[in-house]
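Colleague: Here the structure of chain A is known, so what remains is to put chain B in place on it, guided by the hints.
Residues per chain are reported as follows:
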Amino acid sequence: MTGMDDLIRTVTSQFVRDDIPEFRPGDIIRLYERISEGARERLQPFEGVVLKIAGTGVNKTVTVRRVAAGVGVERTIPLYSPKIARIEVVKRNTVRQSRPYWLRRVTRIHKIQ
Amino acid sequence: MAWVMLGRKVGMTQWFDGEGRALAATVVQVEPAVVVQIKTPERDGYAALQLGAGDIEERKLTKPLLGHFKKAGVAPKRFLFEVKVPDPTKYQVGQAFGVEIFSEGELVDVTGVSKGRGFAGTIKRWGFHTRPGSHGHKWIRRPGTAGPMGLRKVVKGKRYPGHFGADRVTVRNLQVLKVDKEHNLLVLRGSVPGPRSGILRIRKHDAQG
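Order-wise, the sequence lines are chains A and B. Each residue of the first sequence is one higher than the last, beginning at 6 in our numbering. Each residue of the second sequence is one higher than the last, beginning at 280 in our numbering.
There may be inaccurate statements among the hints.
[Unchecked claim] Every beta carbon over 12 Å from chain B, so not counted as near; a handful from chain A, in silico:
id, residue
1, Val16
2, Glu27
3, Arg45
4, Pro50
5, Ala73
6, Glu79
7, Asn98
8, Pro105
9, Val111
[Claimed, not checked] Partial pick of chain A residues on the chain B-facing surface, computed with a CB cut under 7 Å:
id, residue
10, Leu12
11, Thr17
12, Phe20
13, Pro87
14, Lys88
Calculated directly from the structure, the hints in this document are not laboratory data. The model shown is predicted, which means the values in this text are computed figures rather than measured ones. Each residue gets a CB set at the ideal place from its N, CA and C atoms; glycine is no exception.
Chain A with its partners taken away, still in its complex shape (with noise of 0.2 Å):
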């Protein structure tokens, strides 16, 4: 049977969204969660450089680095979860690698080129 992956991508095409920035490895973004104490709902901000975009469609999920209080933080979120209320591109980084691992080692991020 053909297309089987095209009737997933329509069934699921409910979550793609559509206002989501575009943004490669290397960028600073932020991105604001969900999250609800009870009956109150807040956001709260995660900023941080993408060392990882992986997957296509729902599946779509980006790994995004900061350093917090002195340690690193590394979080994978899926990028098409209600959960993200919206993301912000903070600054455009030119990186060659499509996993920019070594950024890791790179201790002031928001200052290279």
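Modeller: The following block gives chain B in isolation, referenced to the frame of chain A:
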């Protein structure tokens, strides 16, 4: 009353629920079913609908089966199955059913034939542990002992290598996440047995005739 439909596994994906959790999901394409024959208590001793699903070329059927479809005035179908109903007079031959009989949120049981794994060893087939690959070990994936020496025989049902997979497997209580009437698709929470495009039997829990 258990209503049954046939379908094919399309593949797996993920699904976000209302709370933003990503759930493992399986997409199933339901084959529309048509009533081919109505069985009544008077004539057949029980009340049921005989349903046909999946198209097939005429030349692939035997002549008696072809006649059976001709009598019903229904296009030839690949699969025939029965669904017991309390009141068969409510239905007529040629009536069609599709995914619309399922509703989002309900629970279904899915039966299929699991992927065949051929002649498999004890590790794959029974989940035995391997022995270490190093530190002087000579046998890594072998089954080990068959039992105590004093017994002078091997106990019946001893787990050994052998044919694994291609069994009839039922997975119960899968939640229907989405019904896509346009493409005849069902999205179920969790996994179902068998390979992609494998035939599945989907049973509703609480169908009423």
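Colleague: Which of the stated hints cannot be reconciled with the structure, identified by number in ascending sequence?
Modeller: 1
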